[in-house]
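Going down the list, the sequences are from chains A and B.
Letter 536 of the first sequence, counting from 1, is numbered 536 in the working numbering, and no numbers are missing.
Count along the second sequence starting at 1, add 10000, and that's the number in the working numbering.
Honestly, the hints are just simulated from the structure, not real lab data.
Any given hint could turn out to be false.
Claimed, not checked - Output of the computed footprint for chain B on chain A, the stretches with three or more beta carbons under 8 angstroms from beta carbons of chain B:
1) 453 to 461
2) 601 to 614
3) 947 to 961
For glycine and all other residues, C-beta sits at the position ideal for the given N, C-alpha and C.
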Amino acid sequence: MKKILLTCFMLVFVLYAWAQDRTVSGKVSDETGAGLPGVNISIKGTSQGVISDVDGMYNISVPSDKNVLVFSFIGMETKEVLIGNRSVVDVTMASDTKQLSEVIVTAVGIEQNRKQLAYAVQEVEGKSLTESQEPNLVNALNSKIAGVNVVSSSGTPGASSSIRIRGNTSITGSNSPLFVVDGVPIDNDEVGEAVDGVSNSNRAVDINPEDIESLSVLKGPAATVLYGIRAANGAVIITTKKGRKNMAPLISVSSSIEISEVNRLPEMQQEYSQGRDGVFRGPSTLEGFSWGERIDENPDLEGFDSFETFFINGINSDNNVSVRGGTENISYYASAGYLNQQGVVPNSEFERYSVKSTISADLTDKLTASVSANFVNSGGVRLQRGSNLRGIMLGLVRNTPSFDIGNGKTGQAAADDPSSYIFEDGTQRSYRLGIYDNPFWVVNKNFTTDEVNRIIGYVNLDYDLSTNLKVNYKLGIDQYSDRRLGRIDIVPNWNPGQIQNDNIFSKDINSDLFITYNKNLGSDFSIDALIGHNYYRSAVRRNLTTGNTLSQPGFYNIANASDVISSETISQRELVGVFADVKLGYRDYLFVNLSARNDWSSTLPEGANSFFYSAASLGFVFTEAFNVESSIFSFGKLRASVGQVGNDAPLYATQNYFTQAVGSGDGFIANATIQFPFLGNNAFEQDGTLGNTNLKPELTTTYELGADLRFFENRLGLDVTYYYSETSDQIIPVEISAASGFIERIQNAGVISNEGIEAVLSGSVIKTENFGWNVNVNFTAYENTVLELAEGIDNVFLAGFTSTSSRVIEGEPFGVLYGQAFQRTNEGEIIIGSDGFPLQAADPAIIGDPNPDWLMGISNSFNYKGFNFSFLWDIRQGGDVWNGTNGVAEYFGVTQETADLRGEAGQGVIFDGVVASGTNTEGETTYVPNQQQVDLNNNAIGIASNRWQRYGFGTLGEENVEDASWVRLRQVSLGYRLPSALLGDGPFSTVDITLTGRNLLLFTPYTGIDPETNLTGTSNGFGLDYFNNPNTRGYSLSVRLTF
Amino acid sequence: MKIIKNIKFNALVVLLFVSINACNLTETNIDPASIAQDQVTQLSLVLPSAEAHMAFNSGALAARNPGIVVQYFIGLEAQQQQYSQYLIPRNAMDNLWVFGMYGGGMKDLNFIIESTSGENAINAPYYSGIAKIYMAEALGMLTLMFGDIPYSEAFQGDDGNITPVYDTQEEILQSIQTLLDEAITELSTDVEGDIEPGADEVVFNGDPDKWIATAYSLKARYHLTNGDFTSASAALANSIKSNAGSALYPFDASLTSGNPLYSFGDFERPGTMGAHPTFVSKMSSDPRQPLNLPGGSFVNGFWTSQSSPLPIITYAEVKFMEAEIEAQQGGDATELVKEAVRANMEFMGVPEEDIIVYNLGISNPSLSQLMNEKYKAVYPNSMVSWSDYRRTGFPALTPPSNASSDFYRGSVDDIPERFIYPESEFLYNVENMNAASERQGFLDGDQEVLNAVLPVFE
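Taking the hints into account, I'd like the entire structure generated from these sequences.
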């Protein structure tokens, strides 16, 4: 009896305990460990809930029969947590990466709900940029966004990178997208990147990727019409990190170090010595060739690998600290960072100091003001490159295998020891005694230092006129000074030396005023409208002073020059625009967006300087419209848009000018061409550009169709876009016959089409509590075709040399490679001459296409408890690069291939082709297959018989165009976040350690350096490799702490 | 309502902003670093540019590539080696045509000629005369390189003609004579209040008499090229009379004022071109040898040091023309040749006794011997020697054994007769260029060739 009573009593007791509410408390944090205030914590199955406090703490009373808490916060993934027996439940909220936050920053800095967008946009998190370990923001975007193609010009510290969204459309104007930081357009120009000289930076390199919260890429005119003509090639919208109200200060410190090495070099021989015809001729003979004797047959000779001797490991270090937080009315962010990059070439360097602060304050309950200032000091040591007797790669590649450039030492040790590059009498120690510079001489004596001081800042005012009406005014300034000192030291007997003071001062002012109106009309309609005014002014002044013929070796000041020429150029333009945008929403599934803009530009003729363009887009979420309920197909949206954007003329194109004369006419005499004053006289000459007072603005019209489809409860997403655009009335300086008295004429001419597909496939393959696997694939394919050029013109030069260049040719893809080719029959067979060798054609021809067929980036990321492992493959199919370096290297006999084929293996070769055999009855030449055997090299006859010398210096352009497709492992990273248990009550909230590999593997048929290269930097011509500096791979370790 | 008032106010502000800003944008589009074309009135600012272009170019591509052809020079490496093997593609002479001549010095000369004629003419006959002499020389240089070239339709780009037709070589040679005649007339006038060149003209400082003598000498040169001995003799009567009257382009000892043969050979492209064995052997027992080929190199010689002048037309060349006419007409040119050789040697500073000894070897010279002497004396004026070779066949020159026939019709049995039209014409004026090539017989199938004889030499 007693037992039964006890059991009942216990049962009742237990039941009673169960029936009671229990209190559950804990902390809600974000990924950085910071407490998240304002998180909604509700009990699943009830309407009860609480909100987390300032520190992210919460306390909730849960009925005994409920066991699940739901944590939700905007922009974060909603989390459901089983309470179980716990009384303390801590939760970390993660950003809603799949949907990539419902909020996207679009034109003029306005945040938009992604669902409402009817055009193609793609977003990247700031974290993804810093993980790439690329100091140049543009490089960090590589392979991450569909439609975006990034090509870095080389792996040198501070080297420029070009970025193209949907290819090239403008022949001579800029094809770069507009970079906008916090709503203020900034300067991303690169001043000066010719076929020789040093490698300069594009100015986005000044932005510290650590300061970036997120980045969205707007691709077509429908998205960018509100930015006007400067965004005709798309826009990269960068949002920097900001503070948050009511947030305790969160300090974040990060430090990383990377070791880099050259990733790919052409194969060079170490078998044959300096000399010709099989005979050794040493440095004192000034012999340029390496067609000498076998090194292993001469005990006095030794073979050296010049690349091994020269390149070193580079070291990068990047240190940043930031603090963000906020009180009730003020939020703030401040950061400081220091980047130091030492390259794989001794003495090459790039440094960046960056200090940034953004403060936002609610002045009244209707008026908010914010101020931001970013001060950057960047610069480095840049080395001569490219087509340049004083450049690194030229001297390094042509160096003969029997000469040791390091004189017994290698790398930095050789660079630091003058005995490797200079004799006691001051003359240069190199294989040709100074005709080409020993690379160790170059890094010590032919370098340019630059220092950029830049400030990017803005003042922003937001005023709420009423609940629906807001006014916003933003005044931004981007100003920098770039002082460069270029040095080429005296080379006794060969070069009188040169100093260059190049001072660039640039100032951009941008003012935006707009009024926005948002309202829900009834329950079905919503309207968001905007009208605005924009004023932009840009002025760049460049003072270039060149001093030739130095007196004192090693003294790099303009006072050392006996012959000084000075010039000042000023580039200035102004733009005024007014614009309007209306978005209508119907029941949150149908969206219509109309926008229009009118611009006035200073570069168009007086009285005709205004132009108008507009865009319309439609978005339809059909899954909601038709109430599609499916566990497989969870979301579907169709997008259609058509938009136009205009573009203005180059500067000063509306009239003819006289400029200070230069006595030119010979490409070989570049430094010593006649400059004025000459013999005591100054002179002016008619500028070669024929102006045009009838210029009209360019117009690009784009049609875009897209779909955003998601499956399996949004675990798998596919976003596809197809677009077609045409740019007409292109304003081009078209080269014309010089016999007209002018070299080029500016005119409206040219229609370029651009057609492509972009697709992004993202999937959360596995998702459990402890383990996750996400895949993201982006795919880009586009074709730029030159439909028409001007009347009588079918060929425009973009970049390169008179021998090989990248051009715009009617009917062909943009930027085709053009140069010397073989003579061919009508059927395309090569015509062989009577000496058994293929014949060179008198007329140049199209020899390659540098445009890729398609690009793909495949990223996999795995996370298991605190570990995170991800890797990114970058695949490019198609795209030719002219390997000009190889053509010259073969001529000199330094490539492995010439070593292999100059002996027995190269005898009795029959070239594939046909020989003329007579004429037929109609007078046409007939051909028979070639049977003639020739020796590729015969020392008895001498250099004259040499196959690699036969077509002259650099051989034929056609012979050196190579396929530059690649499969590349661009990024691998393994990261670990220390468990919070380990950190306990210590000062740190989170500690992350990450190992990253950059550019670790490269598979490509290209035989030279890494084919992601461009001789002319960010210019419109591309696909040229002529003694470009090689690219690098890197291994890094980074630690990130928050407290 | 307050809101509407605010909207109205803001709209007004915007409108105001807009209307103010839209107005004065054109001033921003005037280049602060250049002079607008209609503001240029001082011919003394333009003539030096024209002269510098003529000077530089006559010593750059116009001296080297024809020099390689007539074997003053030989290519040792790089592009120069390729040219020595007669692989002289379209792009080899492109810079000369585009940046040196038509788009360089010739457009400035045309500007001066147009500014001094027609309505609103500037009163400056001497500028006009000198410009016409240079224009004649420029046309002469180009037509003897290529054949037919544009002239009557040239320099009309701003009137819309960007594809000028090619005048025939005969028309060009006629234009040359007309220009020189007009120049002589203008330089002989003495007009009140005219603007005259002075220190801005660096060859003769504007001296009209010296320019007149030069014009006559050029008339003789081009009449002789045409095979017209009578007209040539008539012109020679008024030509340069002494070394002091030789027309020479001056240079200076600084990097950007230097002699272009020096600049090329000394540091721009050292080791890529050297003195040709043919020239070296002809100089072997000549007292000018150490002056032309110091240490065996062509650089730093009398005509190829940084401040060395380069010839437009010299007294020595004039004398050789007289001598040749005499010899061609069956006379004894001994004294004329001796005087010609002496003229050149004296100018170069050869000691008197060496001149006398050398001249003892000249006696009733054959045409071959005469032309050999001229070849040595006019160095480095490659264009003159190339004309002489094509006209007379002397001095005898054999093509190198490694010459390529890629740009030849048939095999290589003689030195090139011309250069193929430049790449810029092929790209931007191809119809007119092809028409000219066809009518002159320059094509082998559809390949333009180097060994097609120019009309004037047929």
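Inset, instruction - Against the structure, test the hints numbered earlier, and report the numbers of the ones violated in rising order. - result: Per hint list: single violation, 1.
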